[in-house]
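Participant: Each chain, written out:
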Amino acid sequence: MKIREIQELLGAEILCAGDQLDADVHSACGSDMMSDVLAFVKDQAVLLTGLVNSQVIRTAQMMDMLCVVFVRSKRPTLEMIEIAEENGIVLLATDKRMYEACGTLYLNGLGGALHE
Amino acid sequence: MSEHLSFHYSVDGDNFVSAGQASVQVKKNLRELGIAPEVIRRVSIAMYEGEINMVIHADGGNADVDVYEDRIVITLDDHGPGIADVTLAMQEGYSTANESVRSLGFGAGMGLPNMKRYTDDMQIDTVVGVGTKITMTIKL
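Keeping their order, the protein sequence lines are chains C and F.
At position 22 of the first sequence (counting the first as 1) the number is 22 in my numbering, and the numbers step up by one without a gap.
At position 37 of the second sequence (counting the first as 1) the number is 1037 in my numbering, and the numbers step up by one without a gap.
Since the hints were made in silico from the structure, they are not lab data.
Even glycine gets a Cβ: it sits at the ideal position worked out from N, Cα and C.
Mixed in with the good hints, there may be bad ones.
[Said to hold, decoys possible] Below, a list of computed lysine-lysine pairs in the DSBU-like style, where the Cα atoms sit at most 30 Å apart:
1) C/Lys42 x F/Lys1028
2) F/Lys1028 x C/Lys2
3) C/Lys42 x F/Lys1133
4) F/Lys1133 x F/Lys1028
5) C/Lys42 x F/Lys1116
6) C/Lys96 x F/Lys1139
[To be verified] Far from chain C, by Cβ distances over 12 Å, these chain F residues were calculated:
7) Gly1013
8) Asp1059
9) Gly1131
Starting from the given sequences, assemble the full structure and let the hints guide the process.
Facilitator: Next comes the structure, spelled out in structure tokens:
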């Protein structure tokens, strides 16, 4: 799935790195706990989260993620947007809640983590 | 061969917002050295969790990354409260972090287990009231 399709499916606003919308992603994860993301994620390119602080972007950087989707109309700070833009990480914001956003993407073929 | 590259970082204990900056820098440095991406990810996640721990629990500390021909060694040294029960601290889900830390997305009791998960060896030297030194090794 291309990031562009995620944006369309979620009716999401593009906050930065719009030039990366054609990047292909194969799996995603949803969590508000960054330690859980760091523990259980392997090669997911997309993170859906309701958490808004700079550690979300840093976690995405550590995991080599390509896209972060903020759910429930959460808005990242300007500083977060700048760091993401510098690192080519697409930030999207949707008014959908976590469950619905994850479900929508899953139904449309974006899978979760592959267990090791 | 005893020649190796060393990187030293000081972790600011007052600032949760900047926590992780040393790990970001390590990631960049290792990338420039041409280290395999999967290894870089393991090193940077282990160090990032360690860095977050130092900010949450120990008011900061020092981080050293040494790159040898066959391994990368991360040393995290702090003068925090120490870990009273290491076995308990290593259990997934056990955390002494408070609610404010949890609201920031950490304190799930996954930090130390994650550090062990992503490294080939992890040693914890800790004395209550004195500090903690964690040495992690990742084979190349």
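Participant: So, for every hint listed, does it hold in this structure?
Facilitator: Results of checking the hints against the structure:
{"no.": "1", "hint": "C/Lys42 x F/Lys1028", "verdict": "holds, 20 Å"}
{"no.": "2", "hint": "F/Lys1028 x C/Lys2", "verdict": "holds, 27 Å"}
{"no.": "3", "hint": "C/Lys42 x F/Lys1133", "verdict": "holds, 28 Å"}
{"no.": "4", "hint": "F/Lys1133 x F/Lys1028", "verdict": "holds, 24 Å"}
{"no.": "5", "hint": "C/Lys42 x F/Lys1116", "verdict": "holds, 16 Å"}
{"no.": "6", "hint": "C/Lys96 x F/Lys1139", "verdict": "violated, 43 Å"}
{"no.": "7", "hint": "Gly1013", "verdict": "holds, 15 Å"}
{"no.": "8", "hint": "Asp1059", "verdict": "holds, 18 Å"}
{"no.": "9", "hint": "Gly1131", "verdict": "holds, 22 Å"}
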